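**Q** Residue numbers (our numbering), protein chains in the order written: chain Z, 2 to 312; chain B, 1392 to 1930; chain Y, 257 to 528.
No lab work stands behind these hints: they were computed from the structure.
Model, not experiment: these values are computed from the prediction.
Just to be clear, a hint being listed does not mean it is correct.
[What the hints assert, rightly or not] For each label pair, taking beta carbons as the anchor points, the in silico distance ranges come out as:
| hint | chain 1 | residue 1 | chain 2 | residue 2 | range |
| --- | --- | --- | --- | --- | --- |
| 1 | B | Pro1726 | Z | Pro36 | 34 to 44 Å |
| 2 | B | Asp1535 | Z | Ala289 | 34 to 44 Å |
| 3 | B | Gly1751 | Y | Glu388 | 50 to 60 Å |
| 4 | Z | Pro36 | B | Arg1578 | 31 to 41 Å |
| 5 | B | Val1464 | Y | Gln306 | 19 to 29 Å |
By construction, the Cβ of each residue, glycine as well, lies at the ideal position given by its N, Cα and C atoms.
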Amino acid sequence: MLSMFWVAVFRRLAEAAVVCFGVSFLTFALTFLMPADPVAAIAGIKVSPETRRQIRQDLGLDRPVWVQYGLYLKRLLRGDLGRSFVTQQQVSEAISERLAPTVLLALTAWCIALVLGVCFSCLGAMRRSWQPLLFASSSLWLAIPPFWLGLLLLYAFAFYWPLFPLGGYSALGVVLPACALAAGMAAAYYRILEANLREVLAQPFIQAAHAKGLPPSRVVLLHALRNAILPVVTLLALDLAGLLGGVTLTETVFHWPGLGRLAVEAVFNQDLPMLMGVVLVTTVILVALNAIADLLHAWIDPRVRQAEGEG
Amino acid sequence: MRSRLFLLCTLLVLACRQQSPGPASDSDHVLRLADQDEIPTLDPARGYDTASWQFEDLIFETLLDYDDKGDLVGEAAESWSASADFREFRFMLRPSRFSHGRSVRPGDFAYAVRRVLLPSTQSPGRDFYLGLLGARECDSTACDVPGIEAREPDLLIFRLETPDLLFLHKVALPFAAALPEEIVRERGATFSRNPTGSGPYRLREWRAGQYLWLEPNPYYEGAQPPSLAGILRQTGVGEELAWMQFLSGQLDVTGIPTADFLHVRGDPRWRERIHTITTLRTQYVGLNCSVPPFHDRRVRQALNYATDKEKLVRLLNGRAVAAVGVVPPNLPSYPERAPVYPYDPHRAEQLLRAAGYAAGFETTLWLRNDPTAMRIAQSLQQDWLRVGIHVKLRPLAWGVFLEAIREPGRVPMFLLGWEADFPDASNFLDVLFHSRQVGANNHTEYRNPAVDALLEAAARELSASARIQFLYRAEQAIIEDAPWIFLFHPSTFVLVQSRVAGFRLHPWRPPRVGRVRIEITNGHPPEPHSARPRNASGR
Amino acid sequence: MRRSAPNRTLATGIAMLVLMLAVATIAPVWLNRDPLLPVTDAIGEPLAPQRTFPCGTDELGRDVCARILVAGQVSLAIAISATAICLGVGVGVGLLAGYFGGWVDTLFMRFTEVLLAVPMLLLAITLAALFEPSPYLLLAVIGAVGWTPVARAVRAEVRSLRAREFVVAARAIGATNRRILGKHILPNLRASILGLAAVTASHSLLIDAGLSFIGLGVPPPVPSWGRMLSESQTYYRAAPWLMLFPGAALSFAVLAFQLIASGLGRPFAERQ
C-alpha cells in the first residue's frame, strides 16, 4: 500500500517536471517568436545599430534559439536563474523579494472570497426570498473590474476616511486590495455554489436528513455543502494559483510589490531571464496546487477515491 | 476542521511577519517622491532614462552640469577650456570625495569614460565618446584610449579626432560621471544596485518595487551641499494613488492626474505651487517616404494640413505646445519659426486631389499601446476621416513597435516622440533626418541630399551662429518635405507642497530635487491634512 | 407552483437578452449619431449627462450613449461566441478526461496546466505582433484562456459521477460509453455548466478590454463595453458617467446571462 502511494507520488512529480519543462519551452519560444528587440529595453531607442549589435552579442542573443535554450537549462540545473537584462539584479533575489507580499495578498483575498461565497450561497439556498437580491448583486460584482473597485476603496477608506494606509506593503494595507480582488471572485463562487447547493438539496439523501428531523441549517451546512463544494475544489485551487501568480492591475493600483508587476514588466521589457524565472515559480505553484486539489477532491468525495482505486 | 483553520491562520501570520519594516523617516526634512516606474539602474554607464538620470545626478558628479537657465556650469570641474579648433578640452578639478571617503582624482573620470567605451559594459552612451582619439580601437581586451589624459592631482584632458562643438554637453551627461574603480570592480554587476559616487547624496536602501532611499553623503565637499535629511522615492505608485497621497500630505511632489488637471489649475490654492515647463521633446507622426502614398510629398503635406494640432492640445488639457517644426520652441539661441501648416482641411483636400487621391485612401497608423497614445491616435483618426483618409490603428507593445518601425518599408505611418539629450538642434535634425541614419533613427526613410549637405556643413562649422543658420535652413527644408506630421511639444506640470522651497523643473533634465529645501513652520501644519511624513509603507 | 418559477427566471433572462439585442440593433439607427466622431467641441473635458447627451460625452467629444449601443453589438457578439467556444472545448475535454481517466486524463490535465502557466500577456503580445488584428484572433485568444477552467470543473464532476449508482448500473447492463456519457452523465452536469457559462460570458466581456490595449481586441475606435470601462479609468472621479453607464450595461448583460443559466439549470434538478 505504501509503495503504491510512493509510486503515485513519483508519477505525479515526473508529470510536474514535464509540465514545467513544457511551460518554460513555450515561454522561451514565444519570446523568440515575438518580433521585438530585447536590446531596445536595455539600451533605449537612441542607440546606434553597432552598439545594439554589440550588446546582443554580449548577452548571447545572437546565437541560435536552441543553443540559448540549452545554455539556459544548463544554468538552471545548477540552480542559477541568471540576472535581469534590464536591472542586472539576480532573478532569484528579485523573485524572493516579491514572494511574501504575493502570498499574503493571495491568501487573504482567496479566504475572503471563499468565506463570502460560501456564506451567501448558503443564505441563498436557505432563504428563497433573499435570492433575487443576492442574484442581482452578484451580477453587479462580476461586472465591476477589480482595479476600479480598488480605486474606489482606496478613495473611500484610505483617503476620505483614512482607516487604511494609502497603498504600500503592510499588514493593514492588505485589506483593501484583498477586498477589491475578492469581490468578483466571491460573486463567481456564489453563483456556482448556489447552483450546486440547490441541486444537492433536491436529492434524496437530503430529504432523508430533513425527514430525520435535523434542523435545516444543519442539513445545509453539514450534508449539502460538502457535496456542493466538490465540483468547485479544482476551480478554487486554480484561482488561488492565479492569485499567487500575481495580480498586476490590483498590485499597480495599491502599490503592492507582488509578482504580477514583475512579470508584466519582464514581458514588456523582454527581460528573458526575469520572465523565465517568474514563469517557473508560477508553474511550480500551479502544479503543486493542482496536485493538492486532486488529493482534496478524493478526500472529500469517497467515490472518487474508490474509482481511482479501481482504475 | 479546527486544526486546518489553525494552519491557515498560522500561514497568514507568518506571511504578515515576513514583511519589510519600511523606512521610518528620521526627520521631517525628508523629501518624499513617488513614481510609477522602477528605476532601471543606478550605474551611470548603463542608465539612459529619466528615472535613472534623476538619481544618478544626486549620487554622482559629472565635470559639468547645467544651471536652471540651461547654461553649462562646473560641477566637479573648477574651470575648463576648449582649444580654438574644438579638439582639446582641459578640465581643472576642485577637491571632492566619494561617499566612502576617498578623494576624487582625474583618473576616476578617465576610468568612467573608458568603461563606457568598453563594449562589454553594454553602455548605451558609448556612441557619445567615440570621437575621442583612439576610442574606436577600444575592444574587450584593451581599452587604453590615448585621447584621455589624467594628470594628477587635478588636470583632465580630452583630445578628439575631429572638432566637436558639443563635446562639453557630452561631458555633462551622466555617462561621464566619476566612478571609484576599486569599488566598481569589487561589486561587479551589483554596482548598478549598490552604487558609490561623489555626489551630494548616497544610497541608504533600495527595495525593488517599493522604494529608494537616499541620505546625505557625509564626505561631500562640492558647491551644492545636500539640503535635505534624505530623499525617499516610492516605486510603482500610479498617478491616482500619488494624487491621493499628495492630498493627504504624504508626498511632496506629484504630477497632476489628467482628470483633475483643469480644476487644479483653476484653483487659487494650488496656483502658486504648480511648476511647468515645455520639454525638449517633439511628438510626431512619421510618414514613411518609401511607402505609397507617402512617397508623394503632396500627400504628406496634405496630412499636415488635415491635422488639428490645437485640438490635440485641448485633448491634453493644454499640457503641450503645438509644433511648427522639428525643433522645440524653447531651444536656446534658435530662431523663432512661423507655423507652416495651419489646420486647413480644404487645402488638404486640394493637395490630395492634385496627388490623385481625390477619393482618399486607407492606411494603418502604428503606435505604442499606451492610453495617452491611443487617445491621440483616435483624435488624429477623426481629423483624417474628414478629408477621406481612413486610418486603422495598430497598437503594439513597445518593443514590437520599435522593431516594426525599424524595418524598412513596413510601417506606413507611426506615432512616436523624440527627446533631446542636450540643447542643440543637431540632436534632432542630424540624428533623425540625415540619410545615413536610415536603418538607425531615421525611421521615415527620408533622403534629401540638400538636407544632408546642410547638416554636414553644420557639423564642420566652428562658428556657433553660422552653424545654427545651417541647421535652421535644414529644418526649413525638412518642414517643406514633411516626412513628419509635426504634432506638439509636451509640457510637464508638477505640483509641490508649500513646505518645499526652491523646486525647479529643467527642460531636458529631470528636476534637481537634491537642491530643494523643506521649510517647516512650527505649530501650524502647513498642509490641509498633515505634513508629518507618515511613513512610506504605511506601517 | 414550484414548476413555474424556474421558467419565469428563464423567461426574464431571455427577455432581457432579447431587449438588449433589440436595443443594440435598432437604437443606433434611431439615435442617428456617429459613435466615432465628436458631437461637441468639448475636447479633453467630458460633458456630464444632459438632455442632448443622456449619458454624457467622453474626452474625445463622442456621445457615450451612441458608443454604449454600438459597443453592445460588439460585446454581446464576443460574449456569446466566446462562451460557446469555451464551453464546447471545455466540456468536451472535461468529459473525456473525467470519464476515461488514465492516460487520457493525465494528458489533458497536464496540457491544461501548461496552458494555464504560460503567460497570456506574452501570448497576446506575440499574436498581436504576428497577425493582423481581427475578431477571429480575439475569439481564439479568449477561447484559449477560457476553456481550461471549464474543462477542470467538468472533469472533477464527471469523476464523481462515474462512480454513482446509476452509471455503475448502466455500465452493468452493457450500455456503451457514448450512451452513458450522453444519457446519464451530461444531463447531470447541466447546473454546473450553465453556472460556468454565466461566469465565462462575463469574464470574456472584460477580457476584451485588456486585449484591446495590447492590440488584439476589437480595433479602436470601435467601442466595446469592456474597453469603455478601462479607457475611462482615468476619469473615475472627474467623470464617473464614463464608467457608470458601460458598467451598468455590462452588469445588465451578466445578469441576463445568469438568469438564463439558472432558469435552464433548474428544471432538471427538480425532475430528478
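**Q** Mind checking the hinted window 31 to 41 Å against the Cβ distance between Z:Pro36 and B:Arg1578?
**A** holds, 36 Å
**Q** Given a hint of 34 to 44 Å, does the C-beta separation of B:Pro1726 and Z:Pro36 actually sit inside it?
**A** holds, 42 Å
**Q** 50 to 60 Å was suggested as the range; check whether the CB atoms of B:Gly1751 and Y:Glu388 agree with it.
**A** violated, 21 Å
**Q** Note whether the CB distance of B:Asp1535 and Z:Ala289 lies within 34 to 44 Å or breaks it.
**A** violated, 55 Å
**Q** Looking only at beta-carbon atoms, does the pair B:Val1464, Y:Gln306 fall within the given range of 19 to 29 Å?
**A** With Cβ atoms ~55 Å apart, the hint is violated.
Hints 2, 3, 5 from the list above are not met by this structure, while the remaining hints are.
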